[in-house]
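S.K.: Here is what each chain is made of, one letter per residue.
Protein chains: 2
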Amino acid sequence: MNNEINIGLFGFGTVGQGVYRVIDQAKNAHAEIRRICVRNLDKKREVEVDSRIITDNADEIFNDPEINLIVEVVDDAEASYRIVTTALKKGIPVVSGSKAMVAVHLPELIELQEKYHTALLYDASSCGSIPVIRNLEEYYDNDLLLEVKGILNGSSNYILSRVFDHGEAYSAALKKAQDLGFAESDPTFDISGKDSLYKLIIITVHALGVYVSPEDIFTYGISTIHDADIQYAREKGVKIKLVAQVVKVDESRFTMFVMPEFVSPSRYIYSVDNEYNGVVIRGECYDRQFMFGKGAGGLPTASSILSDIMARRHGYRYEYKKMGYIETPEYTTDVILKVYIHYETTDIPGLMEFERILEMYTSETDNYIIADISLRDLMRYRDLLSAPDIFLANLPVFFLDKDD
Amino acid sequence: MNNEINIGLFGFGTVGQGVYRVIDQAKNAHAEIRRICVRNLDKKREVEVDSRIITDNADEIFNDPEINLIVEVVDDAEASYRIVTTALKKGIPVVSGSKAMVAVHLPELIELQEKYHTALLYDASSCGSIPVIRNLEEYYDNDLLLEVKGILNGSSNYILSRVFDHGEAYSAALKKAQDLGFAESDPTFDISGKDSLYKLIIITVHALGVYVSPEDIFTYGISTIHDADIQYAREKGVKIKLVAQVVKVDESRFTMFVMPEFVSPSRYIYSVDNEYNGVVIRGECYDRQFMFGKGAGGLPTASSILSDIMARRHGYRYEYKKMGYIETPEYTTDVILKVYIHYETTDIPGLMEFERILEMYTSETDNYIIADISLRDLMRYRDLLSAPDIFLANLPVFFLDKDD
Chain W
1 MNNEINIGLF GFGTVGQGVY RVIDQAKNAH AEIRRICVRN LDKKREVEVD
51 SRIITDNADE IFNDPEINLI VEVVDDAEAS YRIVTTALKK GIPVVSGSKA
101 MVAVHLPELI ELQEKYHTAL LYDASSCGSI PVIRNLEEYY DNDLLLEVKG
151 ILNGSSNYIL SRVFDHGEAY SAALKKAQDL GFAESDPTFD ISGKDSLYKL
201 IIITVHALGV YVSPEDIFTY GISTIHDADI QYAREKGVKI KLVAQVVKVD
251 ESRFTMFVMP EFVSPSRYIY SVDNEYNGVV IRGECYDRQF MFGKGAGGLP
301 TASSILSDIM ARRHGYRYEY KKMGYIETPE YTTDVILKVY IHYETTDIPG
351 LMEFERILEM YTSETDNYII ADISLRDLMR YRDLLSAPDI FLANLPVFFL
401 DKDD
Chain V
1 MNNEINIGLF GFGTVGQGVY RVIDQAKNAH AEIRRICVRN LDKKREVEVD
51 SRIITDNADE IFNDPEINLI VEVVDDAEAS YRIVTTALKK GIPVVSGSKA
101 MVAVHLPELI ELQEKYHTAL LYDASSCGSI PVIRNLEEYY DNDLLLEVKG
151 ILNGSSNYIL SRVFDHGEAY SAALKKAQDL GFAESDPTFD ISGKDSLYKL
201 IIITVHALGV YVSPEDIFTY GISTIHDADI QYAREKGVKI KLVAQVVKVD
251 ESRFTMFVMP EFVSPSRYIY SVDNEYNGVV IRGECYDRQF MFGKGAGGLP
301 TASSILSDIM ARRHGYRYEY KKMGYIETPE YTTDVILKVY IHYETTDIPG
351 LMEFERILEM YTSETDNYII ADISLRDLMR YRDLLSAPDI FLANLPVFFL
401 DKDD
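So the protein lines, in turn, are chains W and V. So in the working numbering the end of the first sequence lands on 404, straight run, no missing numbers. So in the working numbering the end of the second sequence lands on 404, straight run, no missing numbers.
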């Protein structure tokens with residue numbers, strides 16, 4: 001593609017306007033937004049733009065021969081899927097910020113890129129401004145990689161920070177996160193762990209070259225956290241964080257899951273607070289790398305999208321090299337985790353089987369159990385564990401990763 | 001270049017043997033070490049290699065048509081310069097770990113890469129395993145970048161950690177660093193700040209597209225630190241760290257220097273201890289990114305060299321894009337710093353002019369002055385400030401970077 005980038009932008013919300021701003025600031029980007037497609041033409045927006053470039057007709061972008069890059073930051077996964085696939089089939093490269101869409105359709109999107117000799121970049125879809133995907137794809141492009149784990153969702157982390165560092169009630173913290181625009185108006189996506197899950201799926205493709213579908217991955221959020229759990233964590237001198245991780249179990253297998261976790265002060269992610277994201281990359285030889293930055297917000301995400309736009313100036317595309325490795329590791333849920341399960345009315349000890357029960361506590365109001373259980377069994381008990389009186393958290397013990 | 005990498009390796013010390021190990025482990029690297037050139041054939045080494053591939057004749061590598069990549073990890077800057085320039089002139093791409101050589105000769109090395117259409121990669125030369133250069137070159141490839149600052153030297157940081165976190169005497173800590181192999185047998189390079197300086201020069205080329213020669217950059221090390229300085233820092237609840245930084249002063253100018261700095265607990269680099277490196281990248285929009293990892297040691301460095309080797313499989317080369325920007329910022333020492341200067345016999349107040357004196361302390365044994373002074377003047381006083389009774393440290397006040 002030529003060196004001048006003429007952009008067709010889909011979506012002009014927080015991120016879209018952020019993209020407009022950063023491109024305006026980046027004097028050397030040689031990039032220009034030629035057209036902006038929005039759903040509602042009349043909607044008021046902070047950023048002033050020439051109304052002539054705004055349209056509600058997608059074809060005005062798809063059929064404009066001058067446009068050589070489509071940037072898609074709509075907040076509707078369905079629409080985002082239509083936009084991206086249409087563009088790729090027309091051979092137009094795309095930069096997307098839609099993690100949900102990318103995570104769900106990645107195998108097809110990879111095929112489309114090959115079939116139509118074009119590119120889809122989506123670094124902004126994971127960890128806002130932190131260049132996780134690009135680094136896993138390019139820099140950790142070798143099989144020394146053992147583990148990628150971190151705090152991938154800014155709003156749930158903000159909520160937990162308010163609770164642990166400021167002693168706020170969960171509900172008050174959630175409200176504040178929404179007021180600050182970190183959490184969606186419907187925050188389920190964030191606090192259910194789904195947002196972290198989607199990012200983890202994308203990360204795993206670039207870390208180990210393997211795609212695993214959302215439904216096959218154990219995901220547990222923070223929405224059922226109780227004061228008793230917070231109290232318990234405080235007494236132990238640890239914080240509860242929502243952690244997503246993909247970990248090599250042995251030479252040929254890896255596991256992955258999203259779960260609240262008790263995090264001790266000695267670990268890097270302990271200090272990742274508020275809306276920040278933090279990712280630990282562990283490998284043979286280089287031990288641990290820690291990347292830390294703003295994971296939420298319009299401008300951080302926009303700056304990451306700008307990096308993808310600039311990368312297109314040089315024709316950059318993900319090669320998905322690791323998918324071509326002689327032997328890619330196999331996904332397994334056949335690993336034993338040590339978990340904490342708080343319950344009130346549900347009879348956890350009676351309803352669940354464990355490998356080994358390590359601690360049990362009961363009182364008039366709260367009960368908890370600490371036990372070893374396989375990830376496979378946790379998957380089996382998913383519905384049971386979703387009861388509002390239950391809260392589950394991981395007590396990290398395996399892979400000697402106590403100090404990450 | 002083809003996809004199989006046949007390596008000619010120069011240097012088989014700690015890093016060289018580390019490179020041998022990681023390539024051996026990286027099954028999917030498609031890389032093989034065909035020949036190893038060493039200075040002394042008889043030297044005992046930990047790693048067992050077929051003696052037939054070891055030589056002390058460089059031409060056996062340069063003239064081997066099968067070798068399509070030279071990896072150079074000799075610890076002698078002169079030799080490293082000869083090896084790298086010879087290779088580039090023969091059109092053979094090179095991966096180098098020699099920061100001193102790269103930092104001093106970078107302009108010529110960039111010319112040679114263009115003239116002979118080949119590539120020189122040196123990510124390992126800065127911050128061991130942290131992918132700083134690659135990220136600045138590729139990901140922060142836009143002019144939103146405001147500042148790169150960090151702890152770039154593992155051994156001096158290890159020494160300061162022992163002093164501050166373990167109450168050891170400076171001399172004992174230095175000895176320990178040498179015993180652990182973090183510091184060179186001649187540690188001057190590390191504790192004088194030179195090692196950090198060279199890394200900073202390389203970082204600046206990839207961060208802002210400007211090369212500044214070592215002699216034009218104010219560099220002050222930790223070798224003259226006194227118990228009184230350590231005491232002073234402790235009383236203020238801060239640590240002293242050796243910090244290298246390049247900072248945009250305004251739209252069109254930047255400054256850079258290496259200096260001990262009082263670091264408060266609220267800053268990211270406060271928690272970068274022992275042999276670790278930590279780099280903070282600040283930009284418009286994305287605020288601050290923090291990268292943290294092992295900065296010293298054979299294997300971390302080797303894993304970074306492996307990343308450069310893998311990058312060559314895909315023909316990767318630094319484009320030095322930012323040097324081609326319409327307007328690159330201009331280097332200036334015309335900035336005011338707030339500094340702490342400890343002195344015993346040298347009459348600092350009498351011999352130095354300051355913009356403004358903020359504090360003065362005198363006692364029978366120690367004296368210190370806290371004052372505003374321009375970086376230009378600090379350059380003027382370099383010789384004076386190198387007296388053994390003097391210790392200088394930066395008290396960060398400018399660029400609102402108090403929380404980085």
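Honestly, I wouldn't trust all of these hints.
The list cannot tell twin chains apart, which means a pair is met if one copy fits it or any two copies do.
[As the list claims (entries may be wrong)] No more than 30 Å apart at the CA atoms, straight line, and that leaves these computed lysine-lysine pairs for BS3-like:
| id | residue 1 | residue 2 |
| --- | --- | --- |
| 1 | K27 | K321 |
| 2 | K27 | K44 |
| 3 | K115 | K27 |
Simulated from the structure, these hints should not be mistaken for lab results.
S.K.: Each hint needs a verdict: does it hold in this structure or not?
M.R.: Do the hints match the structure? See the list:
| no. | hint | in the structure |
| --- | --- | --- |
| 1 | K27 x K321 | between (33 Å within a copy, 14 Å between copies) |
| 2 | K27 x K44 | within (27 Å within a copy, 55 Å between copies) |
| 3 | K115 x K27 | between (34 Å within a copy, 29 Å between copies) |
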